[in-house]
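So the sequence lines, in the order shown, correspond to chains V and S. Positions 1 to 572 (my numbering) are the ones given, in order, by the first sequence. Positions 573 to 1144 (my numbering) are the ones given, in order, by the second sequence.
To be clear, the hints were calculated from the coordinates, so they are not data collected in a lab. Where hints are given, some of them may not hold.
Said to hold, decoys possible - Under the rule of at most 30 Å between Cα atoms (straight-line distance), these lysine-lysine pairs were calculated in the DSS-like manner: (1) Lys1136(S) <-> Lys564(V); (2) Lys643(S) <-> Lys438(V); (3) Lys456(V) <-> Lys605(S); (4) Lys643(S) <-> Lys409(V); (5) Lys612(S) <-> Lys40(V); (6) Lys360(V) <-> Lys293(V); (7) Lys33(V) <-> Lys919(S); (8) Lys919(S) <-> Lys876(S).
Computed from a prediction, not measured in an experiment: that's the story for all the values here.
Each chain is listed here by its residues.
Protein chains: 2
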Amino acid sequence: MSVIVWWLVTVVLVAVHSASARVVELEWEVEYKFWWPDCKEGIVMAINGQFPGPTIDAVAGDIVIIHLTNKLSTEGVVIHWHGIRQRGTPWADGAAGVTQCPINPGETFTYNFTVDKPGTHFYHGHYGMQRSAGLYGMMIVRSPKEKLRYDGEFNLLLSDWWHQSTHSQELALSSSPMRWIGEPQSLLINGRGQFNCSQAAYLSNEGKRQCTFRKNDQCAPETLRVKPNKVYRLRIASTTALASLNLGVEGHKLEVVEADGNYVKPFTVDDIDIYSGETYSVLLRTHSFPTKKHFISVGVRGRKPNTTQALTVLSYVDAPESSRPTLPPPVTPRWDDYNRSISFSNKFFAAKGYPPPPKKSDEQLYLLNTQNLIDGHTKWAINNVSLSVTATPYIGAIRYGLNSLSYLKSPAKGLVESYDITKPPVNPTTVKSSGIYKFPMGIVVDVILQNANVLKGKISEIHPWHLHGHDFWVLGYGDGKFRPGVDEKKYNLKNPPLRNTVALYPFGWTALRYVTDNPGVWFFHCHIEPHLHMGMGVVFAEGVDRIAKMDIPDEVLGCGLTRKWLMNRGRH
Amino acid sequence: MSVIVWWLVTVVLVAVHSASARVVELEWEVEYKFWWPDCKEGIVMAINGQFPGPTIDAVAGDIVIIHLTNKLSTEGVVIHWHGIRQRGTPWADGAAGVTQCPINPGETFTYNFTVDKPGTHFYHGHYGMQRSAGLYGMMIVRSPKEKLRYDGEFNLLLSDWWHQSTHSQELALSSSPMRWIGEPQSLLINGRGQFNCSQAAYLSNEGKRQCTFRKNDQCAPETLRVKPNKVYRLRIASTTALASLNLGVEGHKLEVVEADGNYVKPFTVDDIDIYSGETYSVLLRTHSFPTKKHFISVGVRGRKPNTTQALTVLSYVDAPESSRPTLPPPVTPRWDDYNRSISFSNKFFAAKGYPPPPKKSDEQLYLLNTQNLIDGHTKWAINNVSLSVTATPYIGAIRYGLNSLSYLKSPAKGLVESYDITKPPVNPTTVKSSGIYKFPMGIVVDVILQNANVLKGKISEIHPWHLHGHDFWVLGYGDGKFRPGVDEKKYNLKNPPLRNTVALYPFGWTALRYVTDNPGVWFFHCHIEPHLHMGMGVVFAEGVDRIAKMDIPDEVLGCGLTRKWLMNRGRH
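Put together the whole structure using the sequences plus the hints.
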């Protein structure tokens, strides 16, 4: 009950603020550009000639209008506004095939939505593997009355970069046998990295090559210039295609205050883990020495790394330009120290003022994560269905009642019980389908993500799951197979953090809870780009009948069967 | 008058034949595949897993139905049926943005058209530079009563191949400054070539590397196995992106009998020039020695070559498998011997039985070919307009009377008179636009293509111009600037050949004539893929009001402004 009251309050607050809402209106063009993200030439997907794309800076309650023109030659494009719940505008979520048709070359689509609450967010392509191609940027939504106190802020958008084109990567992953794309060639901080060298080589005896770049090179790191004895907010987002990351600042502690656009109970650490799809704000208190420089490091965790740490420099104002940090960058924790990772995840609690989740759920959905095969093609599957997004956007197919379509059937739900998650699958064959789960409005749903062993060897991987259109409460993490009736008792129902992305750890389970209070069709998927490409996702359709047909812009449905339907309505 | 009678006869004959028409119905899927076209791995656009795509084999009068499914990840696709006039089905011509919207990923579009007369044709992608990516195949339309006599036939589909991806090529060509893609790495015969080596190295002392490939490699050439004392028809098509070619068969003469699907007055030569977009049938008479092998060579002309000759082998039936040709392959004529090229072009006359063209034309259209700049981007322009195909297919924009659109205005026509074609342009700036020229039905149009000097140096290039929806008569070629009132007198009005592709030579002009008898919107463009990408084309709209709106399939118009219009017709 308290939850419903809380949501109502939120809605009312937004409505009140909207009366004075600004409009942030932008014209964007997406095109390919030659670029040197890691000091080697590659091709990026740029927005208005920039890589990463422009930072959106808005205030909670603002209306953001983006006229997105596709200047690509033959490829469609969409942009997903990661972390924005799209209340009342589910067609603006920017997930190709789910909430809209891809925007064709030469065409312009207008995204029009309200950024209803403050937070550190980002945006990115959500069609094929276009995120991997560099279609991303930061999106900051400020609070009109920010509770946090700080003197300055920096954005750190983290990503990973391959020298193989994303088209070639897509093909490699779809081939039979699958060709794995391998670890990234470089990690990028705000789109800047250095391939196969280290800025800190002069401090180590590990035989790494010292990076050489010029000040104005596209790969030259941006220095964070700070004053002594101040507090800085670092807004950090990870849009990596693959890599799970750890970030540390030499000689400085980090106080975590925000996660995925929600305030958390502050806690202080030496470094943070960040998975693809996650965002954090951390407060950094500067020392009193005005002439020092310190390395900020970003390294790989969760997979055996083969990529040099990304580095940038925190420079106190009076440090001579020619000087360099005198101490080595923070060492990234061991990649397979999962206990350390889980321990970090368990430090998160909602900040004061957030009401607790509903005490009980109306429905429990178990999602078994497995690696499978279809005719020799390696796939990921959820409850034995490998997601294949169709040419007709689900929001239209469901709203217009094209229910006869077989692909709108939901997969089976109860597969976990008899499954041995500790071994490769006994029957590895899976099927392609739509992976749609339908929910009525106003119920409380628990989702239990269950990890399992992959096809070969004694291996289970990390999967950061991201839900569109919602924040959810993270109720808990556990090792092994979820035990119904037992593990629920360990749920944190008092002050679990609200997130939109959460890690599922190897051989473990993760439980989350949310309320179906946002009519729409919401993607829920592993945020690792190759995993999604290989089918690792589902779609939650919720209260779709509450969306007024007339409100859905035609352009959103201008492909597949909905296009056919809309074109014919005049003829019937 | 005689022309109109002739066309009527053609139409009637087709109608009669149609009564017994077969239907050739095919299901095709387009997707990328890893492939080894020239013994190095690359990515090709395959159809049903094949590269080149399957050969269509039909009989004149047949109805060809192709259900084309786009299995690409994010790219649209179309296929153009090169040489098919699409009488009565202008929406099936497969030119993206002109006659249809691109087919979106996951969608199926059905091409349905009649192959109304016999000929050697091919098909290829016509969106972005997808032809360069390998989206092509042969299309043979047989005569129910073939007049030519021969004992066997072979198809030779010629193409060129780059190691740089076509996406990267598109970007390079569109960049400022433009990055030229350079000469192809390999020439392919039926999709097979050998990079940086020669099959005939053992016969020469030029220091070329001897090719090594295994019998079943994707790059291993197909041997043409022949019997002694027979006549073989070689059906040759060039779908090169860039290269003008010359083909010869060691020790054998070639009798040219067909060009672009029209019979020509037979003539015998040692080798043939073939430009991109052209097709030929040549008859080859075999000798009486049953154990020999001979090289067939394909080399570059018209541009300074940097690509090894493509070779394949003509093998007499009793030649031991392990034996090799004993004589070197034909030497490709000097690349810049343009007199030899023009002399070859001037050998073409219509075969007996073709009526002459109309004696006079109703309209003369001069098309000045120039190389230009737009904001530092190198472009090609016709009458100072660089073609930019819009997101709305012209066939719909014009048919539905969206005439207010500024892009439907025709460019100026009389620019040649004051232009010095022998020097770089005085004012190199051009504009992007649609390049549409509208013609009423039933008139005779002369098009005079006028070549000119490029942006830098004393250079003018070859441009093979291809017209959709029509054959045209090639009235003549000339050197320098066309002189109205003088050069017309040299036109061949007695027996000019009918073609759909014709070369425009450096610093020269080419004149052609056709009758506007086919309601539709027809692309007319340089068949060099990078040139078209850089704007070298125009569009001829003819009798569009004669197309019944109800006949145009909705899918053809399901993008841009026509999609909007069609979706809204039910609301008004």
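Comparing the hints with the structure gives:
1. Using a Cα cut-off of 30 Å, the hinted pair lysine 1136(S) and lysine 564(V) holds, with the two alpha carbons roughly 12 Å apart.
2. Between lysine 643(S) and lysine 438(V) the alpha-carbon distance is near 28 Å, which keeps this suggested pair within the 30 Å criterion.
3. Pair hint lysine 456(V) plus lysine 605(S) holds up; C-alpha atoms about 26 Å apart against a cutoff of 30 Å.
4. Only pairs whose Cα atoms come within 30 Å are accepted, and lysine 643(S) paired with lysine 409(V) is accepted, the gap being roughly 23 Å.
5. With a C-alpha separation of about 23 Å, the suggested pair lysine 612(S) and lysine 40(V) falls inside the 30 Å cut-off, and the hint holds.
6. Proposed proximity of lysine 360(V) and lysine 293(V) is contradicted: the alpha carbons are some 51 Å apart, above 30 Å.
7. In summary, the hint linking lysine 33(V) to lysine 919(S) is not supported, as the alpha carbons are separated by about 47 Å, beyond the 30 Å threshold.
8. Taking the CA atoms of lysine 919(S) and lysine 876(S), the gap is near 25 Å; set against the 30 Å cutoff, the hint holds.
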